[in-house]
Amino acid sequence: MLHLKEISDLVGGELRGDGEKEIHGVNSLRRAGPGEIAFVAPEMENRLPPGLVAGALIVRYGSAIDRSDCVLVSHPQLAFARLMDHFHPRIHFGDGISPQALIDPAAVLDEGVSVGPFSYIGAGTRIGARSEIHAGVIIYGDVTIGCDCLVYSRVVIREGTIIGNEVVIQPGAVIGADGFGFARDETGRPIKIPQVGRVVIGDGCEIGANTCIDRSTMEETELGTYVKLDNLIQIGHNVRVGSASTLCALTGISGSTEIGCRVVLGGQVGVADHASIGDNAMVAAKSGVSGNVLANTVVAGYPQQELSRWRRNSVIARHLDELQDRIRKLEKSIKDMEDKT
Amino acid sequence: MLHLKEISDLVGGELRGDGEKEIHGVNSLRRAGPGEIAFVAPEMENRLPPGLVAGALIVRYGSAIDRSDCVLVSHPQLAFARLMDHFHPRIHFGDGISPQALIDPAAVLDEGVSVGPFSYIGAGTRIGARSEIHAGVIIYGDVTIGCDCLVYSRVVIREGTIIGNEVVIQPGAVIGADGFGFARDETGRPIKIPQVGRVVIGDGCEIGANTCIDRSTMEETELGTYVKLDNLIQIGHNVRVGSASTLCALTGISGSTEIGCRVVLGGQVGVADHASIGDNAMVAAKSGVSGNVLANTVVAGYPQQELSRWRRNSVIARHLDELQDRIRKLEKSIKDMEDKT
Amino acid sequence: MLHLKEISDLVGGELRGDGEKEIHGVNSLRRAGPGEIAFVAPEMENRLPPGLVAGALIVRYGSAIDRSDCVLVSHPQLAFARLMDHFHPRIHFGDGISPQALIDPAAVLDEGVSVGPFSYIGAGTRIGARSEIHAGVIIYGDVTIGCDCLVYSRVVIREGTIIGNEVVIQPGAVIGADGFGFARDETGRPIKIPQVGRVVIGDGCEIGANTCIDRSTMEETELGTYVKLDNLIQIGHNVRVGSASTLCALTGISGSTEIGCRVVLGGQVGVADHASIGDNAMVAAKSGVSGNVLANTVVAGYPQQELSRWRRNSVIARHLDELQDRIRKLEKSIKDMEDKT
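Residue numbers (our numbering), protein chains in the order written: chain U, 76 to 416; chain Y, 76 to 416; chain Z, 76 to 416.
Simulated from the structure, these hints should not be mistaken for lab results. Note that the structure is predicted; figures quoted are calculated from it, not measured. Watch out, some of these pointers could steer you wrong.
No copy labels: a pair is met if it fits in one copy or bridges any two.
[What the hints assert, rightly or not] Distance condition first, Cα-Cα at most 27 Å in a straight line; then the derived DSS-like pairs of lysine-lysine:
#, residue 1, residue 2
1, Lys80, Lys267
2, Lys415, Lys404
3, Lys267, Lys415
4, Lys80, Lys410
5, Lys415, Lys96
6, Lys80, Lys404
7, Lys410, Lys96
8, Lys80, Lys96
9, Lys267, Lys410
10, Lys80, Lys407
11, Lys407, Lys96
12, Lys267, Lys404
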C-alpha cells in the first residue's frame with residue numbers, strides 16, 4: 076500500500092486531492108477499483124470509460140481532466156511503468172540449482188545464480204551473480220552471461236555468445252545460431268560458409284519469444300545497450316543494432332545491416348542487407364527498407380520514402396481506378412478536339 | 076474397414092453405387108487405391124487425375140461426375156474430415172507420468188493425465204482429466220489446463236495462463252510471454268512496463284508451432300472457443316480473438332486489437348494496435364489493417380480496402396508505366412494544340 | 076597453418092606473390108592480420124578498407140587489385156567458403172550418449188551417434204552413423220535420420236519424418252507439426268482435418284532456427300537435396316521444394332505449392348497455396364506470389380511481375396502525387412481550351 080502523496084513523490088509528479096488516500100494497486104482505467112490507481116494516456120483523455128471508479132489517476136500536466144485525486148506528470152505512461160515496478164516487483168522463480176539441471180564441471184556460476192530443471196550449461200560458460208536460468212534452457216560452452224539476467228524456459232544460447240547485465244530473454248529465443256551464408260558452386264549448389272563469429276548483447280536488452288539472433292560469419296552480430304526486440308524477429312549475421320532501439324514483431328534484418336540508436340521499427344518490417352538506418356529514425360510497420368535511412372527521419376513503404384509523402388501516395392494508390400478514369404476522359408476530350416480541328 | 080453404405084451414413088450423405096463395397100482407408104485423389112476413398116473438391120471436378128483408381132469418391136451434390144460408387148454430400152471436404160477422424164483416430168502418445176518428468180508437489184493432475192520425459196509442471200498448476208503433456212514441455216506455476224488437451228513437445232506455458240478443454244498446442248508455441256510494453260524515459264531509453272495480466276484460451280482452440288501469444292499488461296489476452304492459429308503467429312498483449320476465427324501463418328496482431336468471430340486472416344497479415352475487425356470479415360494475405368474492418372466484409376491491401384476495389388487498383392498499379400505514357404502523350408497533344416493556337 | 080601455395084592449390088586458384096608465406100587463419104577484410112587471408116567480393120574491389128594489413132587476399136581473375144600475395148579465382152566467396160572449412164572444421168559437440176538422454180529401447184542408433192542430455196528418442200526411430208543430436212532435442216517415434224546429421228538443441232521432429240544424410244537443423248526448428256487443415260461445418264466452426272502424411276527431407280539440407288515444416292495431410296511435404304532454409308520460415312503441408320533452392324527468413328509457403336530447383340526466395344516472401352515456381356526463378360524480398368512463376372525469371376511485387384517492370388512501376392508509385400498533379404494540370408488546360416472555343 077502507498078498513500079497517494081507517496082505515489083506522487085515516487086513518480087516525481089504533482090499531487091491534486093487527498094494525499095492520505097490509500098492506494099493498494101495499479102490497474103487499467105476500465106478495471107481500477109476505488110483502492111487502485113490507473114493512468115490516462117493523452118489519447119484517452121476525451122473518452123474516459125463510463126462508470127470509472129478508480130481511486131486515483133495519473134494524468135498529463137495540462138490535461139482537461141478535472142477530477143480530484145490525481146497525480147500530474149509529464150509522461151503518464153512512464154510514471155505508471157515505474158509505479159507498476161513498485162506494486163509488481165519482478166518475480167524470482169529461482170531457488171538455487173535444480174538437482175535435475177546439468178552443469179558442466181568447467182562452467183562457472185557466480186553467487187546466487189539459479190538454474191531450473193532440465194537446463195544444461197556447457198564447459199567454459201560463466202554466469203554472473205543472481206542471474207536466473209529457468210527450466211529447459213540450453214546454454215552451449217564458452218558463453219558469458221552477466222549479472223541479474225533472466226533467461227526464460229527453452230531459450231538456446233550457442234557457443235561463444237556474450238551477454239551483458241540485466242538482460243531478459245523470453246521463452247524460445249535462439250541466440251547465436253549459424254548465419255545464413257552460402258556460396259553457390261559451379262553447379263549451382265549452395266555451399267555452406269562456416270559461421271565462426273559470435274553474438275554480443277549489451278546491458279539491459281530484452282529479447283522476445285522465439286526471436287532469433289544469428290552469429291556472425293567472422294566478426295560480431297551486436298546489440299547495444301537497452302535494445303528491445305519483440306517476438307519472432309530475425310536478426311541476420313553481422314548486423315549491429317544501436318542502443319535503446321526497439322523492433323516490433325515479425326521484423327527481419329538482413330546480414331551486415333547497421334541500425335542506429337533509439338531507432339523504432341514497426342512490425343513486419345524488412346531491412347535489406349548492407350543497409351543503414353540512422354539514429355532516432357522511425358520505420359512504419361510492413362515497410363521494406365534498403366540503402367540508407369537518414370537519422371531523425373520517419374519513413375514508410377517499399378522501397379521506403381518519407382512518411383508524409385508515402386501517406387499522400389498511398390491515398391492516391393487506393394484511388395488509381397479514379398485516376399485512370401480521369402485519364403480516359405482527358406483522352407476522349409483531346410480526341411474530340413482533334414476531330415473537330 | 077467400413078462398407079460404403081456405412082460411410083454414407085457416417086457423413087450423412089447419399090449413396091450412389093455398391094453399398095457393400097469394402098473401404099479400408101482414406102487417401103488423396105491421386106494416390107487412393109481400389110480399397111480407398113478420396114474426396115473431390117469442387118475446383119477439382121473438371122480435372123480428375125488420369126489413372127484415377129480410387130474405390131469410391133465423396134463428391135458434391137449436383138456434381139457432373141458420373142462415376143459409380145460415390146457418396147454425395149453438401150461439403151465434400153467436411154465429410155472427408157469426419158471420415159479421416161474415423162480411419163485415423165487421434166494418436167495417444169502418453170502412458171502416464173514419465174519418471175523423467177518433474178511435477179511440483181503443489182501441482183494437481185486429474186485422472187488419466189500423461190506427462191512426458193523432461194517436462195516440468197510448476198506449483199499451483201492444475202491439469203484436467205486425460206490431457207497429454209508430451210516430452211520437454213515447460214508449464215510454469217498457477218496455470219489451469221482443461222480436459223482432453225494435447226500439448227506437443229517443447230511448448231512453454233507461462234504462469235497464470237488459463238486454457239480450456241480439448242485445446243491442441245503444436246510444438247514450440249509460447250503462451251504467456253511478456254507483452255512488448257515499454258515507455259521511453261526522458262533520455263529516450265525504453266523502460267519496461269511490467270506485464271502482469273494473463274492469457275485465456277477457450278475450448279477447442281488449436282495453436283500452431285512456434286506461435287506466440289503474449290500475456291496482457293493488466294487484463295487478459297483472450298482467444299474465444301475454436302480459434303485456430305497457424306504457425307509462427309504473433310498475438311500481442313490485450314488482444315481478443317473471437318470464436319471460430321482462423322489466422323494463417325506469420326500473421327501479427329498488435330496490442331489491444333479486437334478480432335470478431337469467424338474472421339479469416341490470410342498469411343503474413345499485420346493488424347495495427349487498437350484496431351477492430353468485425354465478425355465474419357476476411358482479410359487477404361499480406362494485408363496491413365488499421366482502424367476498423369466492418370463485419371461481413373472482405374478486405375485487402377495496406378491500408379486495407381474492399382477486395383474488389385483493391386483488385387482493380389492493383390491491376391492498374393502493375394501498369395503504372397502505361398498510365399504514365401498516356402499522360403505524357405496527353406501532355407504532348409495539349410502542347411501541340413497550344414503551340415498551334 | 077598453410078603456405079599460400081597450398082591455399083592456392085586447395086581452392087584451385089592461381090598464385091601471385093610469395094607461395095611460401097605462412098597463413099594461420101581466415102578473417103574479414105577489415106580484421107585480417109599479417110598472418111591471415113581474406114577475400115575481396117567484386118563489389119568491394121574499389122573500396123578496400125584503409126589500413127588493410129591482410130597477409131594475403133583471394134580476388135577475382137581480372138580484378139584491378141595489384142597487390143602481391145594474392146590467389147586469383149573465378150568465385151572468391153566460394154573459394155573462401157572452402158578455405159574456411161579447412162581452418163574451421165565443423166565442431167563435434169557430441170561424445171556418445173548422455174546418461175541424461177532417454178532413448179526408447181525400440182530406437183536404433185547406428186555407430187558413432189551422440190545424443191545430448193535431456194533429449195528423447197522415440198520407439199521405432201533410427202539414427203544413422205555419426206549423427207549428432209544435441210541437448211534438449213525431442214524426436215518422436217518412427218523417424219528416420221541419415222548419417223552425419225547435426226541436430227542442434229531444442230529441435231522437435233514429429234513421428235514418421237524421414238531425413239537424409241548430412242542434414243543440419245538449427246535450434247528450435249519444428250519438423251512435422253500438423254498442417255493447418257480445417258473444414259468449416261454448417262455453423263461456421265472449423266473442424267480439424269487430421270494430418271496423417273509426413274515430411275521428407277533430402278540429403279545436405281539445412282533448416283534454420285525456429286523454422287517450421289508441416290507434415291502433409293495425406294502425402295509428403297518434401298524438400299529435395301541441398302535445400303537451405305533460413306530462420307522463422309513456414310513451409311505448409313504438401314509443399315514441395317526442389318533441390319538447391321534457398322529461402323530467406325520469415326518467408327511462408329502455403330499448402331500444396333511446388334517450388335522448383337535452384338530457386339531463390341528473398342525474405343518475408345509469401346507464396347499462395349497451389350502456386351508453382353519454376354526452376355532457377357528468383358523472387359524479390361516481400362513479394363506475394365500466386366499462380367505460376369516461369370522458370371529462369373526474376374519477379375517482384377504483389378501480385379508478382381517481372382522484376383524490371385516492377386522496378387519501373389514502383390518508381391512511379393512513389394511519385395503518384397506528381398502524376399496526379401500532371402493530370403490536374405491537363406484537366407485545367409483542357410478546360411481552358413474548351414472555355415475558349
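Outcome of the hint check:
1. Lys80 <-> Lys267: The answer is between: 24 Å across copies meets 27 Å, while 63 Å in one copy does not.
2. Lys415 <-> Lys404: both (16 Å within a copy, 19 Å between copies)
3. Lys267 <-> Lys415: This pair counts as neither: shortest intra-copy Cα distance 70 Å, inter-copy 68 Å.
4. Lys80 <-> Lys410: So Lys80 and Lys410 fail the 27 Å test inside a copy (79 Å) and across (70 Å) alike.
5. Lys415 <-> Lys96: neither (86 Å within a copy, 79 Å between copies)
6. Lys80 <-> Lys404: Classified as neither: same-chain Cα gap 70 Å, cross-chain 64 Å, threshold 27 Å.
7. Lys410 <-> Lys96: Cα proximity of Lys410 and Lys96: none, with 80 Å in one copy and 72 Å across.
8. Lys80 <-> Lys96: So Lys80 and Lys96 pass the 27 Å test inside one copy only (8 Å; across, 75 Å).
9. Lys267 <-> Lys410: Answer is neither: 62 Å inside a copy and 60 Å across each miss the 27 Å cutoff.
10. Lys80 <-> Lys407: Answer is neither; intra-copy 75 Å and inter-copy 66 Å both fail.
11. Lys407 <-> Lys96: neither (76 Å within a copy, 68 Å between copies)
12. Lys267 <-> Lys404: neither (58 Å within a copy, 52 Å between copies)
Violation of the numbered hints given earlier is confined to hints 3, 4, 5, 6, 7, 9, 10, 11 and 12; the remaining hints are satisfied by the structure.
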